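Number of protein chains: 2
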Amino acid sequence: MKVYKAHILYTKEKNRFEVLENGYIAVDADGCVTGVSTNLASLHGEDSEVVDFGDRLLIPAMNDLHVHAPQYRNQGIAMDMELLPWLHNYTFPEEMKYADTEYAERMYRRFVRDLWRVGTMRTCTFASVHTESTRVLMRLFQESGMGALVGKVGMNRNCPEGLSESVEDFVHGYESLIAEFNDPNALVRPIVTPRFIPSCTPEMLRACGELAAKYHLHVQSHLSENRDEIALVQQLEPESTSYGDAYDRYGLFGQTPTVMAHCVFSESEEIALMKRRGVIVAHCPTSNLNVTTGIAPIRQFLDEGVRVGFGSDISGGHNLSIFQMMVYAIQMSKLHYQRNHARSFLTLSEAFWMATKSGGSFFGNVGSFEPGYEFDALLIDDRDLNHDNYSLLERLERFIYIGDDRQIEKRFCRGKEIKEL
Amino acid sequence: MKVYKAHILYTKEKNRFEVLENGYIAVDADGCVTGVSTNLASLHGEDSEVVDFGDRLLIPAMNDLHVHAPQYRNQGIAMDMELLPWLHNYTFPEEMKYADTEYAERMYRRFVRDLWRVGTMRTCTFASVHTESTRVLMRLFQESGMGALVGKVGMNRNCPEGLSESVEDFVHGYESLIAEFNDPNALVRPIVTPRFIPSCTPEMLRACGELAAKYHLHVQSHLSENRDEIALVQQLEPESTSYGDAYDRYGLFGQTPTVMAHCVFSESEEIALMKRRGVIVAHCPTSNLNVTTGIAPIRQFLDEGVRVGFGSDISGGHNLSIFQMMVYAIQMSKLHYQRNHARSFLTLSEAFWMATKSGGSFFGNVGSFEPGYEFDALLIDDRDLNHDNYSLLERLERFIYIGDDRQIEKRFCRGKEIKEL
Chain D
0 MKVYKAHILY TKEKNRFEVL ENGYIAVDAD GCVTGVSTNL ASLHGEDSEV VDFGDRLLIP
60 AMNDLHVHAP QYRNQGIAMD MELLPWLHNY TFPEEMKYAD TEYAERMYRR FVRDLWRVGT
120 MRTCTFASVH TESTRVLMRL FQESGMGALV GKVGMNRNCP EGLSESVEDF VHGYESLIAE
180 FNDPNALVRP IVTPRFIPSC TPEMLRACGE LAAKYHLHVQ SHLSENRDEI ALVQQLEPES
240 TSYGDAYDRY GLFGQTPTVM AHCVFSESEE IALMKRRGVI VAHCPTSNLN VTTGIAPIRQ
300 FLDEGVRVGF GSDISGGHNL SIFQMMVYAI QMSKLHYQRN HARSFLTLSE AFWMATKSGG
360 SFFGNVGSFE PGYEFDALLI DDRDLNHDNY SLLERLERFI YIGDDRQIEK RFCRGKEIKE
420 L
Chain R
0 MKVYKAHILY TKEKNRFEVL ENGYIAVDAD GCVTGVSTNL ASLHGEDSEV VDFGDRLLIP
60 AMNDLHVHAP QYRNQGIAMD MELLPWLHNY TFPEEMKYAD TEYAERMYRR FVRDLWRVGT
120 MRTCTFASVH TESTRVLMRL FQESGMGALV GKVGMNRNCP EGLSESVEDF VHGYESLIAE
180 FNDPNALVRP IVTPRFIPSC TPEMLRACGE LAAKYHLHVQ SHLSENRDEI ALVQQLEPES
240 TSYGDAYDRY GLFGQTPTVM AHCVFSESEE IALMKRRGVI VAHCPTSNLN VTTGIAPIRQ
300 FLDEGVRVGF GSDISGGHNL SIFQMMVYAI QMSKLHYQRN HARSFLTLSE AFWMATKSGG
360 SFFGNVGSFE PGYEFDALLI DDRDLNHDNY SLLERLERFI YIGDDRQIEK RFCRGKEIKE
420 L
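Which chain is which? The protein sequence lines are D and R, in order. Read in numbering that gives the first Met the number 0, the first sequence has 118 at position 119, and its numbers run on one by one without any break. Read in numbering that gives the first Met the number 0, the second sequence has 192 at position 193, and its numbers run on one by one without any break.
Calculated directly from the structure, the hints in this document are not laboratory data. All of these numbers come straight from a predicted model, not from anything done at the bench. Check the hints yourself; a few may be wrong.
It does not matter which identical chain is meant; a pair holds if it fits inside one copy or across any two.
Claimed, not checked - Below are the SDA-like pairs computed for lysine to any residue, each with C-alpha atoms no more than 20 Å apart in a straight line:
no., residue 1, residue 2
1, 409, 49
2, 213, 248
3, 11, 302
4, 13, 80
5, 96, 385
6, 13, 79
7, 96, 388
8, 274, 302
9, 274, 217
10, 13, 77
Bound-form chain D, shown alone (with noise of 0.2 Å):
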């Protein structure tokens, strides 16, 4: 057992802050934690060596639900593009370089790199079509030792042919890759990854729902990020009740885990569905202004007990720090709640809950430091920031808003400490 002693910050519920100054976290030889408290002794951990951290603030690590790692050489540029010039121009283009594996693990050790850089350990993320580069993907975070699922990406209706591969090789490759990533306790997995409803035939559909049900493996896709797709996946899939509804009949909509990206017009049913089957909104601020989406209706998702945590949607998404995906839906929340006061704006817990235990849960009991989580934690060095008399909650506010990498000094992933890549 390990016991580290810091400022320990961390949201067990959405509403408040636990603040732990001077406290103690034990963390047990599987990376889990057993106890968190300001009393030493009553962690048992008398005997175990204290790493002290002094006055540096001690918080989970960021958990990132939706991230196209192929985009990410485009990260921050053609920003101020339409989205169908943005896609054709740049996006897929982009993609289709990723048959070259040479390419992907230059890109793509940068890209997890990065993610290590900005202090998010465990990523859900789009790979492209190609089964080899999602491999290289793949292996690059096993060699970081950080949490990832990876979706090769199932896609044979309009797109570029390129990108477009048939049902079969689809399950083909998408086996292979299954019987590599083959232990459901490892922190890198497979998951099923259908683009979105417009580009995936419904036979394409079903072999996704299959291979989840079939290999216990996650879904991850896109969901109501604009009236045009919406108004696209009624006319596709005639008999569906709602564009959730329509994932739902193919066994992709909560059926085993599952995260669906953006949801910014989501209606009732569709919400209700969410609810009942547990599915995970990713909500990507960032992202939804870049793109011209639209403020998605986080205060009701909440509300109503629909799980939601942040992606950063690079590409669409410019910025890759999950921090500053907290600071952005506080902002667009209160947009909304500009127009419409009958549902208040977002506070920092509910935003570094969502970035932390409810974004968390998405791959297990990660998140939070209550007792049996898997310890998953950044240290933060603020000093710089911290030139006058700041509480330690005022400490970790200017972290979130004006920090950035520079202060995050160490990063742990299941109990271990992760080095740079």
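Based on these hints, arrange chain R on the given structure of chain D.
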């Protein structure tokens, strides 16, 4: 004369970038640009030493048109509070501390250093009501070598007693600053600063207008930030036909160069008056989000020929970097566009132009690299962001969206390299 060689990017016009790959820029002994070209001979700079910055980007420096220096301690805290508790529990108590010049010196030194860090070479800032602390701030700017318009604040109603000053004391204190900072060509100058109409009696506003006229000083204040404030102004100044007109009646609306922060709810008459008087808008998008204000009609201002620059508005805003104001301004204009497709969203060149040539115009010939402009510049070493074959414009866009002060290698103000304070 000095000649610098680099990849030079700037915006002469708002609709496009000037991009000089391996360009040269010549700067005379007064710190003014005499020419910019890819052809060294055309600059008559053959006899000059050429300082070769290699593969780096050289761009105009940033201009911040609205910020509250004595709120710097509160940057990034209390961000999920409503306006009034925020003002009364955080802002006013903090400003009161500036009765103590030692506290002021400590905080202001950090503020000036951080402006330097983020590449803002010209700042138009509110100080507090305190004359001696304002003097401290002005001397720090002088010491730094950067440009600043610094405003001892006028306020004598609707505020805590410790922040209220009689008109007589205000004018007396103000003139003692003018006496010290009396060179009209100096980089650091006083600016007349009524806090806003609700904080100033008619006598205070009259005194401000007289100071501006008598000493040919610039003017700054707040305008049309929220609807309650506008209604209050109408009640306090019943003869005024708009909030802007209320300032105008006291000689505080373009009789001398004037900047007004926010202008979120400016309507047609006020907009027409702003245009006629050459009043420049300080657009503060992060503040408008954090304080639940709304989205300023920037596209309309540009279309109608109203001048616009950016303000960080610490601590309503949380981010000191004007580069991040560009990002937020584009994003917010997209939300505006999403609601009303009649006005397109801002492009990167427009945002860059607002941050440089348009915002810089409040300080004189500042913000461009055209001949006659003062050489305010940043040298950007973006090697860590430039990991693939990006065009020069893509490199600039990536630096703006995902870079930070780590990429700013050198800073120049009026021709001189500025070192850390």
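Here's how the hints hold up against the structure:
For the identical chains of this complex, residue 409 and residue 49 are intra-copy neighbours only, at 16 Å inside a copy versus 44 Å across copies, given an alpha-carbon limit of 20 Å. For the identical chains of this complex, residue 213 and residue 248 are intra-copy neighbours only, at 16 Å inside a copy versus 77 Å across copies, given an alpha-carbon limit of 20 Å. Taking the shortest Cα distances, residue 11 and residue 302 sit within 20 Å of each other inside one copy (17 Å), while across copies they are farther apart (50 Å). Taking the shortest alpha-carbon separations for residue 13 and residue 80, only the inter-copy value of 17 Å comes in at or below 20 Å, while the best intra-copy value is 36 Å.
For a Cα distance limit of 20 Å, the shortest separation of residue 96 from residue 385 across copies, 18 Å, qualifies, whereas the shortest one inside one copy, 44 Å, does not. For the homomeric pair residue 13 and residue 79, the shortest alpha-carbon distance between copies (14 Å) is at most 20 Å, but the shortest distance inside one copy (35 Å) is not. Taking CA atoms no more than 20 Å apart as the test, residue 96 paired with residue 388 passes between copies only; the shortest distance there is 13 Å, against 51 Å inside one copy. Only within a single protomer do residue 274 and residue 302 lie at most 20 Å apart by alpha-carbon distance; the minimum there is 11 Å, versus 46 Å between protomers.
For a Cα distance limit of 20 Å, the shortest separation of residue 274 from residue 217 inside one copy, 17 Å, qualifies, whereas the shortest one across copies, 57 Å, does not. For a Cα distance limit of 20 Å, the shortest separation of residue 13 from residue 77 across copies, 18 Å, qualifies, whereas the shortest one inside one copy, 36 Å, does not.
Checked against the numbered hints above, the structure violates none of them.
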